[in-house]
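Each chain, written out:
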Amino acid sequence: MSELLDNALYDLRYYLVYLPLGVLGLVRWACWLVRRVPAALYRQVKNDFRLPLSIVVPVYQEDPEIFARAIESWLANDVEEVVLVIDVTDRKCQEIAARYPVTVVVTDVPGKRDALRRGWEACTTDLVALVDSDTIWAEDVAAEVCKPFADPRVGGVGTRQNVYNPQGFLQRVNDMFLDYRYFDENAAQTVMGQAVSCLSGRTAVYRRELLLEISDDFMQESFMGVPCMSGDDKRLTTLILERGHRTYMQRSARVWSTFPGTLRIFLKQRLRWARNTWRSDLRALSRPWIRRHPFLAFTMADKGVSSFTLLLSPVYMTYAIVREDWFFVSCLAAWWWISRAMKILPHLVRKPSSFLLVPGFVLVSFAMAVVKICALLTIRRQRWLTREVGVVGGVAVRTSAEPAGSEVGA
Amino acid sequence: MTHLRRVTAAAAALAAALASGVLAAPSAGAAGDPDVAAWQRSGRPDRLVVVRPHAVGLVEKGKVVRRLVPPGGVMPLSWLATRTGKQWVAYDAHDRSTVRIGAAVLLAPDTIVRVDERTRTVLMSAGRSAASGTWIKGSRAALDIQGVTLSSVGADGTRPAPADAPGRPYVAMGTKGRLDIRDSTVEGLGRGGDTARSGVTWGRLSTGSVTGSTFDGNLTGIRLAGSSGVTLKDVSVTRSAQDGVVLKDDALTTVSGLTAQSNGRRGVSLDGGPDSRTLTGVVTRGNGGAGLRAVAQRGLRLESPASQGDRSGIELVRCARCTVQEPTVQGPERNALRVDGAGSHVTVRRPVLSGDGRGTGVRLEPGIEGARVTGGSVGGFSHGVVVRGSHTRVMGVSLAGNRTGVAVGGRAGDVELKGLLVVGGHTGVTAARGTHGVVLSGIRINGATSKGLVSASPGLRAVGGAVSGATTSVVLRAEAELKGLAIDETHRGVHLSESVRATGRDLDVLADRRGIQTDRGARLDLTDSRVRAPRALTGDGQVERHGQTEISLPPVPWLGVAALGALLLAVLLQTVHQVRHRRTPRPKVAAHVRNTV
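For the record, the sequence lines run as chains B and A. Numbering-wise (the working numbering), the first sequence opens with residue 1 and increments by one. Numbering-wise (the working numbering), the second sequence opens with residue 1 and increments by one.
It is possible that some hints are incorrect.
[To be verified] To give a feel for the contact side, a few chain B residues facing chain A, derived at Cβ under 10 Å: (1) V23; (2) W29; (3) A138; (4) S252.
Derived from the structure by calculation, the hints contain no laboratory data. Where is the CB? At the ideal position from N, CA and C, for every residue including glycine.
Construct the entire structure; sequences and hints are all you get.
As C-alpha cells, then:
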C-alpha cells in the first residue's frame, strides 16, 4: 500500500512538475496545426471576374501625407468612385481631398459607423470597398478583390495587410502579428468554409445591396445594453455571415496601413480590438448561425482560451526561476524562441531578421494575453481610446472641446 | 582645633604602643636575624612586614626597624593597620574602612592573618619599582580574606594600578599554606615574570577556597600551581590580561559555578593535575583564546560547560578517558569543541554547538586515540563535524545549517557515522581520499543545496538512511558499497566518477533528472533496487542490474519527440505553402511603400 502511495506521489509530482506545460504546449500546437494545415493549402481566387467598385473612406484627423498617398493609391486602381466622408472639423483633410477627383461628403456626426453608412448610401456600384484613410493600396487591389465575388455566395472579401514602412520594435511586431493573421487564421478560415471571422476595416469589400440590408442592424449594435461605437468591421463581417453569405480573404490583394509606434497607443488599440473581439465572438458563439461554420467556431473558441493558457507559460517560467531550476528555465526560453519562430515562419521567410525579434514578440504576446483578459473584464466599456469620441448616454459624442455639444444618435 | 586633635592622636598612639608592647627600639638588623634572612629570600623589597606567630618585624632596606608583639591566634589586618605606621600598613586618612598596604607582607609558618569587613577595602601599593611594589606571600601560614575588595593602587593613586606597573601587587600562598577568599573582589593584581606573581596563586601543596568572589582585571585571575584540595565555587574571573583561571598540576580541586569572561587569553586552563577530576558549571564568555582548554588530563569530566563568544570553545589536548557532558558553545570564531593530541580518547555527550557561519563545530584531530560524539546538535558552522582522527564514532547528532555537515579527512580510519541528521548547508557529508574504513549507517541528509554525500574514501559503506533534496545526492569517487539507501527530491541520484566500482543493494532512487550516472569506465552493480527518473541510467559507464531491480521509463523524451515532430511539421507546411505560391508575383505599388516582399 505504501509502495502504491509512494508511486502515486512520484507520478503526481513528476507529472505535475513536468508534464502540464508540455501537454498544454502540445495541445496548443495541435490547435495551431489544425489551422495551419488548411492555411498551407490556401490559394487566392484566380479568374477574370469584375464588378463595378466604389471606395468609401471615413476621414478624421488623418496624417496629411499618408492621406494624400492613400488617395493616390486608390485612384491608381480602376474604381468607379472614391467617396470620402470627412468630419466637419477636419479642414486639413478636406483641403487635401479637394485636390483629387473624389467625392467628398462632409459630416457633422461623430463616429465611424455613421460615416461608413453615409458613404455606402452615397455609392451606386455593386461593390463597395470600406477603407481606412491611412490605408495604401497596391495597384491591382480592385481587380483582385472582385474575383471572389464570382461566387454569388460570397458577401464580403478581405485583403492582406502589412504595416506601412515599419520602423521600430512595435511596428515590426505588428507586422509579425499581421502576417500571422493572414497566413494562418484568415487563410485557414477561408479554406475551411469561407468564413473569415473579421474582414479588417482597413480594406473590406462588400456587396452594396448587403450593406444596405444590414445597415440598421449595423447602426443599432449594442452589447449588454451599451451601444457599440468601435468594432464596425467585426460587426459587418458577422452580419454578413449571419445572413448566410460567405466572407473570403483574397491574399493577392495587398494593402499597407500605418500602425502606432508608441507603447501607450499600441496597448490602447489592442485593448479596443480585444473588447470588440470578445463581444463579437461571445455573441456569435451564442447564436445558431455559427453552427453552419464549425471551423469558425473552433477558431473563436481557441482564440478565447489561448488568452488564459498562454499565461501559464510565464507562470511556469517564474516558478522555475524562483526554484533556481536554470536547466528548465533555459529549455523553456529556448522553446519559446524556436516554437514561436516556427509559428511565424511565413513572416520569417519574408523577413529573416525578425528572428532576433522573436523573444520580444513572445513577451508582447504575453502582454497581449493580459490585455485580452483586461478587455474581458471591461467588456461593456465603450471608448475609442485613440480618438476623441466616446459613447455617453447611449450616443456617440466628441470627447474634445470642438464643436461643443455636437451629438447624434449612434 | 586641629592642634588639639593632633595632640590627642599622639597621646592615643603612645598609649596604644605601650599597651601592645613595642618592645624595643630598632635593632641594627644584624646578619643572621631571621627577618633579614626572610627579607633576603623574598626578593629584598623596600619594606617588608614579616608576620610570625609571636612577633611582627618591620624590615626596611634590609634592616629591622621595628618589632611588634602581635596578639595571639588570628591576626586581623586591622591590627597591623593600627600598629605599623603609614608607610607600612595603615588606615586611609579619610576612610577608616580602607587600609593601604605599602609594604610586602610575608606570613611566616603558623601565622594566621584575617582580612575581613573591618577593613572593607584593601589597597596594595604598586610602588614605582618592583622592589617598592607590595605582595602578600606565605607558606605553612593561613590568609583568610572575607567580604573585602582587594585592589592594587598605582604610585600616582590610580586604582587599580596599570597592568604594566613593575611592582604590581600579588597574593601567593606557598607550600602547605592556606588561602581562603570569600565574598570578595580582587582586582588589578599580578605582575609579569614568575607565574607565582601573576595574581592570586595557590602554590605547591597549598590549599584553600574561593567562594562567591570576583577577580577582575588581574594578570591571571586565579592560578592553582600544584595546590591541593582547593575549592572554587561561584567564582567570576573577568578581564584578566592573560588566562582567567589556570589549574596546573593541582590536586583534589573542586570546581562548580566558575565563570571566566573577557579574559585576554583562555578563560579556564587545565594542565595536568589529578585523574578523574570533575568540573561542573564552568561558563566562559568572550575570552581571547579557548573558553576552556584542558591539557594532559586523565578521566577529566566536564559537566555542562558553556562557552559563548570565545575565540574557541572547548579544547581537549592529550586527554585520556575524558568526558564532556552536555557542553554548550555559541558563536566561536574557530572551533567549538576540539580534541587533539596523542593518546586522547574523549567522549562528548549531547553537545549543543551553534556557530555564526565560521569555524568548526566538533573537530577531532589526527593522532588521537579515539573519540565518540553522541546526540546533541551542531549548527551554523562552516563545518559541523570534522573527523581527521581514527577510531571515531559520531552518533545521533543533529547537524543543521552547516556549510558542510560532516567532513572525514586526513588519514582517518575506522570512522563510524551513525544515525546522523544533516539538514541544509552546501554539502552533507564528505569523505576524503586518504581515509579508510568509513561507515555511514542510518544517516539522513536533507536539503543540501549541492551534494548530499561525496566520497573519495576507498571502501566506504553507507548502510540505511536517506538523502533528500540535494542537487546530486551521492557522488562516489572511489569504491563504495551502498545498501538500503533512499534517495529522492534530487536532480541526480548517484554519480560514479570515472573508473569507480561500486555496489548498490536495496537502493531506492527517485530523481527529477538523472537516476544513476556512471562516467566512463565506472561500474555499478545494482541489486534489488529501484531507480525512477526521467533518465534513469545515464553516462558512459555500466550499471549491471541484478535481482529485482526496477528502472523507470523516461517519459520526457516522448514529449521531446512530439515537440520535434511539431516543429518539423511546421517547416513542412511552410514548404508546401512556399511551393504552392512560388509563382505569386510581387505587388505593383508606389515606390514609397517598401514593405512589399
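Verification of the supplied hints:
| no. | hint | verdict |
| --- | --- | --- |
| 1 | V23 | holds (8 Å) |
| 2 | W29 | holds (5 Å) |
| 3 | A138 | holds (4 Å) |
| 4 | S252 | holds (7 Å) |
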